[in-house]
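Chemist: Taken in order, these protein sequences are the chains called A and B. So for the first sequence, my numbering puts the first residue at 1; every next one is plus one. So for the second sequence, my numbering puts the first residue at 1; every next one is plus one.
Mixed in with the good hints there might be a few duds.
Unchecked claim - If you only want the chain B side, here are some residues facing chain A, beta carbon under 8 Å, derived: (1) V182; (2) E185; (3) D186; (4) V188; (5) A189; (6) A191; (7) T192; (8) V193; (9) G194; (10) V195; (11) P196.
The hints are simulated quantities; they were obtained by calculation from the structure and are not laboratory data. A quick note: this is a predicted structure, and the numbers were derived from the prediction, not measured. Glycine is no exception: its CB is placed at the ideal position from the N, C-alpha and C atoms.
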Amino acid sequence: MNIKLKVEGIQSGYGEIQVLRGIEMLCGEAQITALVGSNGAGKSTLLRTLAGILPTATGRILHGEAEIQRLPSHERVARGIIMVPEGRLVFPDLSVEENLRTGAVNVRAKDVWSRTIEEIYDLFPRLLERQKQLAGTLSGGEQQMLALGRGLMGLPEVLLLDEPTLGLAPSVATQIFNVIPRLTQSNISILIAEQDLNRVLDIAHFGYVIENGRITMHDTGSALRSNPAVAEAYLG
Amino acid sequence: MTSVFSLAKMRFVWFLFVGVLLIAQVPSILGSYWTLIALNLMMWVAMTQSWTLFSGMTGYISLGHVVFYGVGAYVVASTFNSIPLWLAVPMGGIAAALLALVVSLPVLRVRGPYFVILTFGLAELVKFSILNLETVSGNSSRLLFGAPSVEILLYCMIGLVVFATLTTLIVTHSRFGRGLTVIREDEVAAATVGVPVLRYKIIAFTVSAIVPGMAGGLMALKSTYFEVLQVFNPIISFTVVTMAIIGGSGDVRGPFLGAVFLVLLSELFWTTAPQFYMILVGLFLILFVIFAPNGIAAFLDKLQISRRSG
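Kindly generate the complete structure, drawing on both the sequences and the hints.
Modeler: Dropping the structure here:
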């Protein structure tokens, strides 16, 4: 298995407050890697650090052979490391189509945006129906599809998904969980932080359990799924 | 490039040129009193237009725009006897832009109400620093003998208005401008799609300081004396924000509409009933924020749409 993203001893946090205390992690090519843990364990902080939204205090992030922990977020996007942030952060006063187009501003994606957008509409027909509508007027589920679609517009190599089903109706969450495995067929490597332990471990090839800013367990998705200690860690 | 020259924008550029040509006729037709008013009006348009370039587009509301105006005035006043004016006024703009560049890193780290307070505090800090500098060096205020006529200053100020307006027009429809808009919509999401957020904010903040720096220099020449507390008066910042809100800060026409509205209002009431004028300004500000948050410009658009469909 090829390694797409390698995390070595990452420490980071918000100003003086340290959240991550030395994270070690691998993400395989075209695989789904799950990151599970309770609220406040450091899932979002890790994803934001990998995306360059938060600075890396110490440690290394390797994308292939290259160290990227000092690169600003837009240069990581240009390399294909793209995060879909938690909370469906769409641009509310832009239309669905405009939101999707902003996803393709990076150098790798901008010239092929019109072809990519067709693929996104195939994946989420609902977005095509809502094409001209302002993103702020969409339902929560539609906004999540849009945020995911906008991320895909950037032609990610590594897609960082931060709690993509948080606060969604169960049927919509199912739809999202059905789409994610399909993305790996396009050779996208996925790191997904998720609260819904069982469903994410069902689709994940590999999983990491994070507690208090440290990885405490890692194994294949199915092994973690049947390990009672995981659920215990999750409940804190 | 096609969108830059869309029909509506072309029409606006025509309006702009016809408008400034008319204003350039004020000195010869209407005389010195109206020339002063035209200069004032153009100054406010230039100030507000440059403010919207950063604050309107990114949503970072600056209450410290006056600091660039004051710095520009200070450069022109302190070099008045040593450097020719054609050089000193642009130098005021460059000095203001340099100040913006230097302070941008700490200032642009914070958002929302913190940014508002910080920009206000920064302007006050620079004001009192220069005040102390002037006091220590024995200049309580400076007289500027032999400044150019108001008429010439008006032509220069018209140039600034055209420059500020064309800059806004071009930026709005550029990749850079769309990046700024997306930052206003959601900064984290902007970063995740690959917008170089910090760099864009720094560039916009720096560029938006050039015009007020030069406007400050011109206005110091108009009053023929320089007094720190006057050119760094926070009321100038407040007025710019008020004009942007009343005119509409998301639209290149906004600063014109807002400046005309307030300058006319002040002409009507300032000399006869100054207290009443301030009450009216406050009242209009509240009314616009509640009922027309996107200003007169958006209101005009709505009228046009309803006329067409009705």
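Chemist: Does each hint fit the structure? Answer for all of them.
Modeler: Status of each hint after checking the structure:
no.	hint	result
1	V182	holds (6 Å)
2	E185	holds (4 Å)
3	D186	holds (5 Å)
4	V188	holds (5 Å)
5	A189	holds (4 Å)
6	A191	holds (4 Å)
7	T192	holds (5 Å)
8	V193	holds (5 Å)
9	G194	holds (3 Å)
10	V195	holds (6 Å)
11	P196	holds (4 Å)
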